[in-house]
Amino acid sequence: MTITAVIHEQQAVPQPKQHGKPGGLLRHTNIVTGVVLGLILAVVTYVIGGLLVPWGTENSNFLQVGESALVAATYTAWVIGFMIGIGAFAGPIRWWLGHDLTHADAQYLAGKGQGRGKYWKYTTDHKVVGIQYLVMAMVLLGLGGLLAMLIRTELGVTWAEVFDPNFYNSIIGTHGIVMVIAMIIVVAGPLGNFIMPLMIGARDMAFPRLNALSFWLLFAAVPPLASNLLLGGIRDGWTVYQPLGTQAPVGMVGYQICIITFAFSTGIAGVNLITTIVTMRARGMTWNRVPIFVIGILSAAIMGLVWFPMYQYSQVLALSDFAFGSAFFIPQNGGSVWLYENLFWLLGHPEVYVIVIPATAALMELMVVFLRKPLFSYKIAIAGFAGVVGISSLVWVHHMYMTGWSPAAGYPFMLSTELISIPFGFLVLVMLGTIWRGKVWTRLPMMCVYAMIWNKIVGGITGVYLSDVPVDQYMHGGMFVVAHFHFMLMGAGLFGAMGAIAYWFPKMTGRMLNERIGSIGFWVSFFAFQLTFGSMFVAGLQGQPRRVLQFDNAFDVSNWLSTIGAYAIGIGMLIFLYAVITSWRSNVIAPANPWGAKTLEWQTATPVPLENFPVLPVVTSDPYGYGVPDPYLTIEKQLTDEDQDAMVGAR
Amino acid sequence: MSELTTNAQALVPRSATTGEPVTTTARRNRLGIWMCIVSDATGTLALLVAYAYLWSLNVNDAWAPPKDTWADPLPFWLIWVGAVVAALAMWWAVAGIRAGRTSQFITGSILASVVALVTFIGQIVQLSTFPFDITDGAYASTTFWLCIATALHLSVVGFLTSAMIGRFRAGRITREDHSHARFVAMWMTWVCVAVFLGAFFATTMNASPNTNSPTFGTFQE
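Chains H and D, in that order, are what the protein sequence lines are. Counting from 1, one number per residue, gives the positions in the first sequence under our numbering. Counting from 1001, one number per residue, gives the positions in the second sequence under our numbering.
Keep in mind that the hints were calculated from the coordinates and are not lab data. Just so you know, these numbers come straight off a predicted model, no measurement behind them. From the three backbone atoms N, C-alpha and C, an ideal C-beta is built for every residue, glycine too. It is possible that some hints are incorrect.
What the hints assert, rightly or not - Examples of chain D residues toward chain H, derived with CB under 10 Å:
1. PRO1013
2. THR1018
3. GLU1020
4. GLY1043
5. LEU1045
6. LEU1054
7. ASN1058
8. VAL1059
9. ASP1061
10. ALA1062
11. THR1129
12. ASP1133
13. TRP1145
14. PHE1168
Next comes chain H alone, as it looks inside the complex:
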């Protein structure tokens, strides 16, 4: 007898054989089984590996390969063990056996009927994954922020040395990479997963199991990175230039394993996001009706998908040098440190846009709601995103002007770097044009729009200076550069993320964000941010180098102000975090569409049902038609009740 299931009110669909209870092995796996199995496999690998390649083993070139190979194997075992323990391999094995998921299996994996326990499991529902990403981003931002406080403490206490110089350098490197990872995921992770499928009228992501895989790979990547501080640290900054990388303590392996794993996570997420956006849009959502936030996510996913493998392979090869003594970046054996820098920056610069573009697109999306007018020049915004995606792959050498690599290449890359300010400028102009003559409904998300525009202009203009070879000769490796990229990554990226989270908070949590407390946190952070990095611009112009523990007294005042500002940012962020947590736990239920927005995510119930929409929506107009009469509403006034009931289905 054929077993069938009725899915989404359609006819009965034949089901494959149900092997055991729905969910199978994944009924018994969760984060605890993942951590336990990961630790067991890591310890076993360490013990057996230690017998085979004892600590202190040198290769023929006298490199200490024993300890680094052993640590690399241990970290790898942790990642594999954790992924086995959380249940990530169940899907491929079932596929291999031909035991495809039944509808009941899929519903179980999506977390149906599992309460809060689903957040600790290999859950495939995009909304669960979005919340998991949100919490992970906040944890990483907290860790990175704490390290930033330690850095500023050292630099602010100009009369004494607080930390050992090596530990200080490790803090800098770890802060850098933790923040880069956090900023990459802070918008594209929570909102790309939770909001984007709703926004295009889909029931889930294209590949729900890959969605869970991408998150849990990220989770597995974090412990190796965090533990580097216990193993000598990353003393070479987040870029870990070679050959310093191969001469580093074994903590470097934690960085490398983290990046290799994180790159898998990002690649899988990129495949999923692109496929979802291209193939799962609701009927009627033609490309010129796609919300701008979706275009921003698509742009970031394309850049990440194409360029992240370069970064991943730079670390694979660096780990190979470090652990096995190969010669990619070791000049005495025929390697080249410039090769590393090229591979690294081929992602390293597009990554800036992977961070900034989703945040920018999110604020573009929400500002039309608070201005009650269409996005100014939607097509110019699209051109801006396309231009940034295209040119971002042609600018990486501006990070290498001073390395001595091909000085003649500096000028064409100076041109291409300045060129990218044009599409990027489009995006700022679109935001300004949208604000122009708009009636502003000033709420917290809208304040973030103003903050981002200001920060982006400051970061963008200082970036134009730095793209010039002659200016960069003076500025590179200094605090001016540090201030510039913080204005871009934190000023545009993080303040954009704050606005986006404040805007979509009601949909994600079913609660309204306490805007009074949230706004206090936001404004404290914003002004403190200006103080911190404005002072850093001054220190940079005075000539203070970065990653330096001791410096001349001439830089004291700038550093004191920066440190005071940094502590104030920390206080502001804690206040904002307090607003998020208390609002999330409060009993103030948010309406389904508190902002009166027109995009699809606000047209479904809150909390969002498991499969998002009772009936898939059909899009009949662009998402920004504010002020344009709804043809359906006009018609509905002339119809009988029966006719209107029929129209509900049609809409």
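Guided by the hints, dock chain D onto chain H, whose structure is given.
Just chain D, lined up with the frame of chain H:
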């Protein structure tokens, strides 16, 4: 909705998981496979760039392995031939299932699986019999990693092709819904390209053209 339309829809196989027509999920999966190939191609490109870069620079005159003991070119091309034969067998299997010839599908899948396994073993043998070690200069390192990448590609191919047999027996691959078999064949075609590029680089770009190599020092204390 007319009765005719309802009957026509009922004939279209549907995904057991989502209830969508399998043609819809197949289109989605196909794009996903293409994206995976793009991402993997960038990684392969990184390895090829590393090879070509170090070959052209010949830093510290240390590109060549000791005593110029280059790897034998024959195994590289034999492995490529193995990958091509496996891919062709898989495409033949796909053609069979498309035409409803299930025995052709089974034969093709088994052949692809066996050839992929043998080729994978051949790759492991080549890796373990190189006349140099991974530490013996830039050529040795880059060649080792090109071959490791090939081994990883082939191991994925082995997993995918062997799955075809089990999936067919479980009724998951049919004449009406054979998209997964087609995706495996697509992936194998890309693997052929990647293996070819690796073999081409490793066998045709041996001695560095830069006989006046730059000396950058060792950066050692």
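Here's how the hints hold up against the structure:
Here the hint on PRO1013 of chain D is kept, as its CB sits about 8 Å from the closest CB of chain H, short of 10 Å. Nearest Cβ of chain H to the Cβ of THR1018 of chain D: about 7 Å, under the 10 Å cut. The hint holds. Because the smallest distance between the Cβ of GLU1020 of chain D and any Cβ of chain H comes to about 9 Å, under 10 Å, the interface hint for this residue holds. Taken as an interface hint, GLY1043 of chain D checks out: its beta carbon lies about 4 Å from the nearest beta carbon of chain H, inside 10 Å.
With a least beta-carbon distance of about 8 Å to chain H, the hint placing LEU1045 of chain D at the interface is held under the 10 Å criterion. Using the Cβ-Cβ criterion of 10 Å, the hint placing LEU1054 of chain D at the interface with chain H is satisfied: the shortest such distance is roughly 6 Å. For ASN1058 of chain D, the suggested interface contact is upheld, since its CB lies about 7 Å from the closest CB of chain H, less than 10 Å. Satisfaction of the interface hint for VAL1059 of chain D is found here, the shortest Cβ-Cβ separation to chain H being roughly 5 Å, below the 10 Å cut-off.
The criterion of a C-beta within 10 Å of any C-beta in chain H is met by ASP1061 of chain D, whose closest approach is roughly 8 Å, and the hint holds. Interface hint at ALA1062 of chain D: satisfied, since its Cβ lies 3 Å from the closest Cβ of chain H, which is below the 10 Å cut-off. A distance limit of 10 Å between C-beta atoms decides the matter here; for THR1129 of chain D the minimum to chain H is near 18 Å, and the interface restraint is violated. With 10 Å as the threshold, the beta carbon of ASP1133 of chain D comes within range of chain H, its nearest partner Cβ sitting at about 7 Å, so the hint holds.
Proximity of TRP1145 of chain D to chain H holds as hinted, the smallest CB-CB distance being about 7 Å (cut-off 10 Å). Taking 10 Å as the C-beta contact cut-off toward chain H, the hint placing PHE1168 of chain D at the interface holds, the least distance being around 8 Å.
Of the hints listed earlier, the one the structure fails to meet is number 11.
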